[in-house]
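Going line by line, the protein sequences match chains A and B. Under the numbering used here, residues 1 to 94 are what the first sequence spells out, in order. Under the numbering used here, residues 1 to 292 are what the second sequence spells out, in order.
There could be a bad hint or two in this list.
Distance windows between CB atoms, simulated [what the hints assert, rightly or not]:
| id | chain 1 | residue 1 | chain 2 | residue 2 | range |
| --- | --- | --- | --- | --- | --- |
| 1 | A | S55 | B | R158 | 27 to 33 Å |
| 2 | B | E119 | A | E92 | 43 to 49 Å |
| 3 | B | D176 | A | I17 | 34 to 40 Å |
| 4 | A | D79 | B | Q39 | 38 to 44 Å |
| 5 | B | R79 | A | E78 | 51 to 57 Å |
Negatives, chain B to chain A, calculated, CB over 10 Å [stated by the list, open to error]:
| id | residue |
| --- | --- |
| 6 | T95 |
| 7 | A120 |
| 8 | R218 |
| 9 | E231 |
According to the in silico footprint, chain A covers these stretches of chain B (three or more CB under 8 Å from chain A) [claimed, not checked]:
| id | region |
| --- | --- |
| 10 | 7-15 |
| 11 | 20-33 |
| 12 | 129-143 |
Honestly, the hints are just simulated from the structure, not real lab data. Cβ atoms here follow ideal geometry from the backbone N, Cα and C, with glycine treated the same way.
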Amino acid sequence: VSVNVAYRRPDHLAFVITDDEDAPASYLFPLPAGPAHRLEGTAALIWSLAVEGESDVPLAVAELLENAEVSDIRSTVEDYLRYLLRERFIEEIP
Amino acid sequence: MSHTLPLDVGVVFAHCSAQAVAATVGADLLHIKGPAIDQSLLGAGGDLPRRRRSMDADVLVRPRDVGRFIDGMVSAGWRVAYPFEDGSPFTHAATMVHPDLPSVDVHRSFPGIYLEPREAFDRLWRDRTSTELGGIDCSVPAVSAQRLILLLHAVRSRSRGDIDRVWQTASDAERDAVSLLARELRSEVALAAAVGELERFRSHREYDLWRALRDGERSRPRLWLARVRAEPTWRRRVRTAVSLVRPKPARLARELGHPPTTGDRLRATSKLLRTAVKDVTKGRARTVTGRR
Chain A
1 VSVNVAYRRP
11 DHLAFVITDD
21 EDAPASYLFP
31 LPAGPAHRLE
41 GTAALIWSLA
51 VEGESDVPLA
61 VAELLENAEV
71 SDIRSTVEDY
81 LRYLLRERFI
91 EEIP
Chain B
1 MSHTLPLDVG
11 VVFAHCSAQA
21 VAATVGADLL
31 HIKGPAIDQS
41 LLGAGGDLPR
51 RRRSMDADVL
61 VRPRDVGRFI
71 DGMVSAGWRV
81 AYPFEDGSPF
91 THAATMVHPD
101 LPSVDVHRSF
111 PGIYLEPREA
121 FDRLWRDRTS
131 TELGGIDCSV
141 PAVSAQRLIL
151 LLHAVRSRSR
161 GDIDRVWQTA
171 SDAERDAVSL
181 LARELRSEVA
191 LAAAVGELER
201 FRSHREYDLW
211 RALRDGERSR
221 PRLWLARVRA
231 EPTWRRRVRT
241 AVSLVRPKPA
251 RLARELGHPP
261 TTGDRLRATS
271 KLLRTAVKDV
281 TKGRARTVTG
291 RR
């Protein structure tokens, strides 16, 4: 994971983002057989920003989470991006 | 199905899974009903249109591709719960189930369409369009065909609201498009049952069946007879007649808790026939009472 790397949703991954105000979530389903995964809160936010092609996801997260310093969250967000890559929930845009 | 997966989300993933399998095995697939319905058919008014709520995913498969599609679904973790012959009396759909998702109804034809299924699919496929479900491109029938399919289904499910929404609110041009397509698909009688024009088709062989379905006929023998009469050829009439009095093996196995023996099947057939005879007797009694 490095700055200025953009990500996208892999073709094999179906997703639904629910707009329930109490519990917004992203549901992911690797095709064709699953299983389904549910990402909530900040996890859902990081995945969404990543697949929208943000080149600096930690910075985008910090801007959206008011009062957060990017330096404080960068390593945590990058760890999570590594997890998403490992699980093939995101992939790097070549 | 997982407790944490909302039904709406699960239905979308079921469509996506079917689409992925179709792409892998090279099957042509049209997504029908539920979340595949065009937004314009979901109702007007001040609210944002919501995708129609559905308990399962419905797909229509090109008839020649049905076998390999079902094999592909099985390879992807799906299982046939009810084969075609065990589904509705129209034997139009097989039900497939998955440990984590709502079921998929695999249609090889659609009740009310009397054009040969291969030709009917060709006609629907020719005008297909696409929609995105769960981020995946899925082929769907043209909007006028979706309107027709909803109307035909509404007769069987007696969904007055669906008929009002997709017919009463349609423009003249939209209705003309549906009527034209219904003629091509030989589904004019079923459409007429939906839109209140069935009496124009009194002389058609499908009339009795669609009147019975429209009116919610509960007498089993009357429905059987109407279904047999509605078939276009003698061969299909005989096949339909046999299928209607034959107990459904998968359903029987589920009821019994084990694969049915010959004796189980005979007893189930007798029970079906006894129920039918009882229905006839009740019908006669009602008629006599009515004449007094």
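Each hint, compared with the structure:
Range check, S55 of chain A to R158 of chain B: Cβ separation about 55 Å, and the 27 to 33 Å hint is violated. In this structure the hint that E119 of chain B and E92 of chain A lie 43 to 49 Å apart at CB holds, the actual value being about 47 Å. Range check, D176 of chain B to I17 of chain A: about 39 Å between beta-carbon atoms, so the 34 to 40 Å window is met. For D79 of chain A and Q39 of chain B, the hinted distance range of 38 to 44 Å is satisfied, since their beta carbons lie about 40 Å from each other.
At about 41 Å, the CB distance of R79 of chain B to E78 of chain A disagrees with the hint of 51 to 57 Å. The Cβ of T95 of chain B sits about 18 Å from the closest Cβ of chain A, beyond the 10 Å cut-off, so the non-interface label holds. For A120 of chain B, the condition that its CB be more than 10 Å from all CB atoms of chain A holds, with the nearest at approximately 27 Å. Its beta-carbon lying about 39 Å from the closest one in chain A, R218 of chain B satisfies the requirement of being farther than 10 Å from that chain.
At the 10 Å boundary, the C-beta of E231 of chain B stays outside the reach of chain A, the nearest C-beta of that chain being 36 Å off. Counting residues of the region 7-15 of chain B whose C-beta lies closer than 8 Å to any C-beta of chain A gives 5; at least three are required, and the coverage claim holds. Here the region 20-33 of chain B counts 3 residues with a CB under 8 Å from a CB of chain A, which clears the bar of 3, and the coverage holds. For the region 129-143 of chain B, the proposed coverage by chain A is satisfied: 4 residues have a C-beta within less than 8 Å of a C-beta in that chain, meeting the threshold of three.
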